[in-house]
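S.K.: As a plain string of letters, each chain reads:
There are 4 protein chains.
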Amino acid sequence: MDYGKILEEIFLKIQPYSKEGRQATYIPALANVNPDRFGMCLCTIDGEDYCVESADVRFSVQSISKVFALAMCLSLRGESLWERVGKEPSGTAFNSLVQLEVEKGIPRNPFMNAGAMVLADILLSSLDNPEEEFLSFVRALCGSDSICYNREVAMSERETGFLNAAIANLLKYHATVENDVERVLDFYFTMCSLEMSCRELAKAFLPFANHRDGFAYSGFMLTSSQVKRMNAVMQTCGFYDEAGEFSYLVGLPGKSGVGGGIAAIYPLRYSVAVWSPRLNGKGNSVMGMKALELLTTETKESIF
Amino acid sequence: MDYGKILEEIFLKIQPYSKEGRQATYIPALANVNPDRFGMCLCTIDGEDYCVESADVRFSVQSISKVFALAMCLSLRGESLWERVGKEPSGTAFNSLVQLEVEKGIPRNPFMNAGAMVLADILLSSLDNPEEEFLSFVRALCGSDSICYNREVAMSERETGFLNAAIANLLKYHATVENDVERVLDFYFTMCSLEMSCRELAKAFLPFANHRDGFAYSGFMLTSSQVKRMNAVMQTCGFYDEAGEFSYLVGLPGKSGVGGGIAAIYPLRYSVAVWSPRLNGKGNSVMGMKALELLTTETKESIF
Amino acid sequence: MDYGKILEEIFLKIQPYSKEGRQATYIPALANVNPDRFGMCLCTIDGEDYCVESADVRFSVQSISKVFALAMCLSLRGESLWERVGKEPSGTAFNSLVQLEVEKGIPRNPFMNAGAMVLADILLSSLDNPEEEFLSFVRALCGSDSICYNREVAMSERETGFLNAAIANLLKYHATVENDVERVLDFYFTMCSLEMSCRELAKAFLPFANHRDGFAYSGFMLTSSQVKRMNAVMQTCGFYDEAGEFSYLVGLPGKSGVGGGIAAIYPLRYSVAVWSPRLNGKGNSVMGMKALELLTTETKESIF
Amino acid sequence: MDYGKILEEIFLKIQPYSKEGRQATYIPALANVNPDRFGMCLCTIDGEDYCVESADVRFSVQSISKVFALAMCLSLRGESLWERVGKEPSGTAFNSLVQLEVEKGIPRNPFMNAGAMVLADILLSSLDNPEEEFLSFVRALCGSDSICYNREVAMSERETGFLNAAIANLLKYHATVENDVERVLDFYFTMCSLEMSCRELAKAFLPFANHRDGFAYSGFMLTSSQVKRMNAVMQTCGFYDEAGEFSYLVGLPGKSGVGGGIAAIYPLRYSVAVWSPRLNGKGNSVMGMKALELLTTETKESIF
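Residue numbers (this note's numbering), protein chains in the order written: chain H, 1 to 304; chain S, 1 to 304; chain F, 1 to 304; chain A, 1 to 304.
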């Protein structure tokens, strides 16, 4: 399969969508990004990389970081992790706080904001230097020592994140988080402030595609079966209330972020990351979704 | 892969679970089934069949029939089908009527009861003899001319199905169904009353696994891409509010029924059906889920 | 207090609102009513009547009939009635079916459609000729033997009442009603099809105002305390999701109907009925509410 | 009416209920109150006081203070207040956060916690020294200069009030409150920490009963009509999800608090306050409700 050529063609084919959607503007750091940027990178398990456009420009990965947090928590807690957080899709956005209230504070999955706060809480309770160790883990995954948090982004989010503060307080009320609400929110926003390029993201996701022998990075270990199960969670829960749509159109496990990034994997073949800041009404990158849909359509390769 | 041997081993390994769960008892025809029956059949795309125990005993497939109805509707309406019904997972059972009310009568996916009623409505509007053509389609899929509806089951369901009657009336109120409420309910319950054996179910699902050239049965045609997309919908929506759990434990697209049956596929490899009447709290077969979990664990084959 | 003069003044003062709102059009019999009709009648416990405009024209009382059904059920069952239906306000319209689902089929109050169906079910189970006895009771209350059901209205409602059919089926599913769904719906719609004039309605409500010695009509008896408690239920639950607004603006217990009628009482002083078909967004008569607000404002008489 | 004698009789009659229910224990200051204390005081508009037992012992009035905040806000903002907060009953507890989310951050009434936070926000924006002026207003209402906030109670609530913190953040997210979340919460908890005796509460509520000439206290003024409307809001919204029950059993406008106090009024006759720390499942004082039910039953006086 000539992925390099296919990626070039995809880039041309998605141009008609280049002005569709709106970038996130709730904090200055996201609002100031050039919405016309586009990057894409595909890494095969055979060690090949294929890049398009701004594949080496870093952007705010936001919710994509929840995948890394989940891997760490699964390594730390094993199957008992699922006593703290569910693994069912969340239905619609409508459910956010409603769901927590009805289900007594247990978030339905680790990729909802509430669920990721539980992950943050677990890391805070389990690690000596959670911020450092989280960063080390991601650096090890992608093999790049220069990736960093963006403190300004984390602080902006913290200052304006009233909905997330409501969620964290509700979790504390239900005793679903152990640490201080402020501490949980700080660490949650710090994780989300990670900045990576498409190439770095694709490399960081490659171990989830190349799972035959499990993985071990920076002291965190998962068996092959655990990695496959994480992929299953990405498949059913990775795209908010558009998980079904992404599954239907793209057919790969993946995770999106409000910064316009999407990372996905084709098990035992490749990982792929794409970035374009303009989002659709569900909060997922318009061109990113289109590019991935074309990728699996053109290659006729998907998990289904 | 020696599937025959693996199935035999699975049958032994799941014995400790043989008394777990409770069979459906809301109608006599289901309550009277021997809850100790177990059957399993795996069909490879190479034409091999592997059967265990009562793989040739017919049982009530119930919701599994919704997959056949979806294939017909997708063939008839193409992508415009999704204007009538969504393709997102439904979250929890809690949402059933709530979801319809909040989302103005559009069922979230075709495998919720409400969604399958929309499928029934489409078939009623599109076909001259919907009951006959539905049966012909399923017979063609599995190559068995003797499979039939069980009229007693359909009638029992109709008489006691007050929740389904509520759902159908709510759909009519929102103008999501065109035909008479009674007609929709009758056809819906008739489809669900289909009786098939594990072998017949596995054969009927094989075309969904063996999709390289699309399929055409009894006048209904789907492209390869359409079949793959149907598989995606099964993956995210096929197990009520346990879709995430099934994805996590088993990692195959599939569909369960309250009669204790589950059918699933491993794309481009095999289809598999299993039957055991005792259900867990979410309405899915206890031994059926366990058997499929072991199948993908032992073979190390899953879509992830 | 010169109620006659006050009513005349009110009629003039509300003219600016005479074209506001929209009459119900979901069945022909309601759609065909002249929306410009207006009637009002106040009856004091001293035996005086004061009428304005079309106070003797009959219209469809619709939900106002639920008050009569409640009085009969309270007479038949006493306090045990409240095991079958609640007496708390329902919050918003949003809750209709949601509320039933979350609270396992117990309607929150007897004036929601679901609650009134429970009343219908109780009358069906308790009386030999429920339709006849209900009519006799209302005739006795208002002293008019010529009031009748409108069979055409009942039949139209029955044919198009899918939301109510959904509610009745949901009640049956939860075993909150004992009788056949069809029977409950038929009787429910029959009760609502009652046609009365403002004068007849005011007379029928007078016993609820004049409760010092309880009451006994057509074999149904309530103590003074029971009547007062019924008035309390009207106060908190009589105006759908506008009960607070009516309490705030008018300050009298009452009940509205989608035909544009409102009946209310000032305990130990008077009863009053008003009719104007144009409804506000909550389903209550625009001019009716305005007229009653002016009545308590001008007289400075309200229960608060 | 010999209220003194009636109160004495009530005190004897409610003894069988003296151990029913459970006092609030979520903060030490409430958990440490002697649950066997009981006090009651009735003040007529003619200037008579009737007291029973510990009518002069102060306790934490908690949510009863919301009535005072509402009076101040209504004086400051007039009818425009209702653009910020609704006046409809809230249905069940189930709705708390759900309701806010569905209705875009507008609390359904001023006596829900969310609604009272909006009142707190308005006072913070309108007054120079909100804490001082609130206290002055209540002191003026009851004519007692020694009533005070309990800072320890306010601080305890603040430290453990995660659900309230969630609500405040959600209001801020919806821009329903203008001031800092922390500031709103601090003032909200401070208002609720007010300590008053039954006698002081009854005196503070007397102006709401004796509304013929409106009222003016400490610079805050309401017309007679405004006071009556406030009474209507108490009637429909004063007892959480037990407003219907209280209306039904007692038939007076009032407000309860989690400290075990209830204040109520009989318009143009009397105000009454009762205190007993043991609460029923809805958070209202068991003996308090029983005492008030007996009061209106024995006297045959209620608003209905």
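Treat each hint with caution, since some may be false.
The list treats identical chains as one, so a pair stands whether inside a single copy or across any two.
Calculated pairs, DSSO-like style, for lysine-lysine (alpha carbon to alpha carbon, straight line, at most 27 Å) [unchecked claim]: (1) Lys203 with Lys104; (2) Lys5 with Lys282; (3) Lys300 with Lys203; (4) Lys19 with Lys104; (5) Lys104 with Lys300; (6) Lys104 with Lys5; (7) Lys13 with Lys282; (8) Lys13 with Lys104.
Honestly, the hints are just simulated from the structure, not real lab data.
S.K.: Would you mind marking each hint as holding or not holding in the structure?
M.R.: Taking the hints in turn, this is what the structure says about them:
1. Lys203 with Lys104: Classified as neither; 38 Å inside a copy, 41 Å across copies.
2. Lys5 with Lys282: So Lys5 and Lys282 fail the 27 Å test inside a copy (30 Å) and across (47 Å) alike.
3. Lys300 with Lys203: both (23 Å within a copy, 24 Å between copies)
4. Lys19 with Lys104: neither (42 Å within a copy, 30 Å between copies)
5. Lys104 with Lys300: Intra 43 Å, inter 36 Å, cutoff 27 Å: neither.
6. Lys104 with Lys5: neither (50 Å within a copy, 45 Å between copies)
7. Lys13 with Lys282: within (22 Å within a copy, 44 Å between copies)
8. Lys13 with Lys104: Neither, since 46 Å and 35 Å both go past 27 Å.
Hints 1, 2, 4, 5, 6 and 8 from the list above are not met by this structure, while the remaining hints are.
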